[in-house]
Amino acid sequence: MSEKLGVKERIVTVATDLFHKQGYGSTGINQIIEEAQVAKASLYYHFKTKEDLCVAYLEKRHLDWCNAHNQFIIDKEDKVLATFDLLIQDNEINNYRGCSFINLVSEIPAEQSQILRRIQKHKKYLLLFFQQQLIDFEEGLAFTIYSLFENAIVDSQIFKSQEPVHKLKKTVAQLLALYKNKP
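Heads up, the sequence shown is in the working numbering, so the first residue is 1 and it goes up one at a time.
Watch out, some of these pointers could steer you wrong.
Lysine-lysine pairs mimicking PhoX-like chemistry, simulated, CA-CA at most 20 Å apart [claimed, not checked]: (1) K60 to K76; (2) K76 to K160; (3) K182 to K170; (4) K60 to K48; (5) K8 to K60; (6) K60 to K160; (7) K160 to K79; (8) K60 to K50; (9) K124 to K79; (10) K79 to K21; (11) K123 to K79; (12) K180 to K76; (13) K180 to K170.
Cβ-Cβ distance ranges computed for the label pairs, FRET-style [to be verified]: (14) Y45 to K167: 46 to 52 Å; (15) K21 to D85: 20 to 26 Å; (16) L116 to D17: 21 to 27 Å.
Derived by calculation from the structure, the hints in this document are not laboratory data.
If you're wondering where the values come from, they're calculated on a predicted model, not measured in any experiment.
Beta carbons: idealized from backbone N, C-alpha and C, even for Gly.
Sequences and hints are given; from them, build the entire structure.
In structure tokens, the structure reads:
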């Protein structure tokens, strides 16, 4: 862990790694404190609850994903299809770990609505991306493609395979071609 990181950043970095690899429910505060090499009081100074720390984790994952996505698609002609290519790359890097946001939603109790709102915000951002890219098409197409993308994430994680991503990317390409050629 870099000595240049402040205490709060160290805590968030360690929590991000642990929540992503182990899951929210399987990661304890004491493990985060130990691996971040901080005092318990320091953790609770910055994050009053594990839920607050989880929201910071989701913020970091969101920013990291947005930066990676924007960097990846910047020079691509078809940014919608390139988003599926980014998923392929992400699966290779993270060994089909899936989406942190989707993984987390099944772990949180109903009363942790702050976490759910942050998950929803990320998913709305992704839907908005597809809507902006497909502004010239019928309104429902963006939601359909967003849903296919989400399905590609889940199925590639379940089956530990790129095949669902490739198949759904092909389906999206066919949909786009149909809509482009529609009178």
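A quick look at each hint next to the structure:
no. : hint                    : in the structure
1   : K60 to K76              : violated (25 Å)
2   : K76 to K160             : violated (26 Å)
3   : K182 to K170            : holds (18 Å)
4   : K60 to K48              : holds (18 Å)
5   : K8 to K60               : holds (12 Å)
6   : K60 to K160             : violated (25 Å)
7   : K160 to K79             : violated (25 Å)
8   : K60 to K50              : holds (15 Å)
9   : K124 to K79             : holds (17 Å)
10  : K79 to K21              : violated (29 Å)
11  : K123 to K79             : holds (17 Å)
12  : K180 to K76             : holds (18 Å)
13  : K180 to K170            : holds (15 Å)
14  : Y45 to K167: 46 to 52 Å : holds (49 Å)
15  : K21 to D85: 20 to 26 Å  : holds (24 Å)
16  : L116 to D17: 21 to 27 Å : holds (22 Å)
Checked against the numbered hints listed earlier, the structure breaks hints 1, 2, 6, 7 and 10; every other hint is satisfied.
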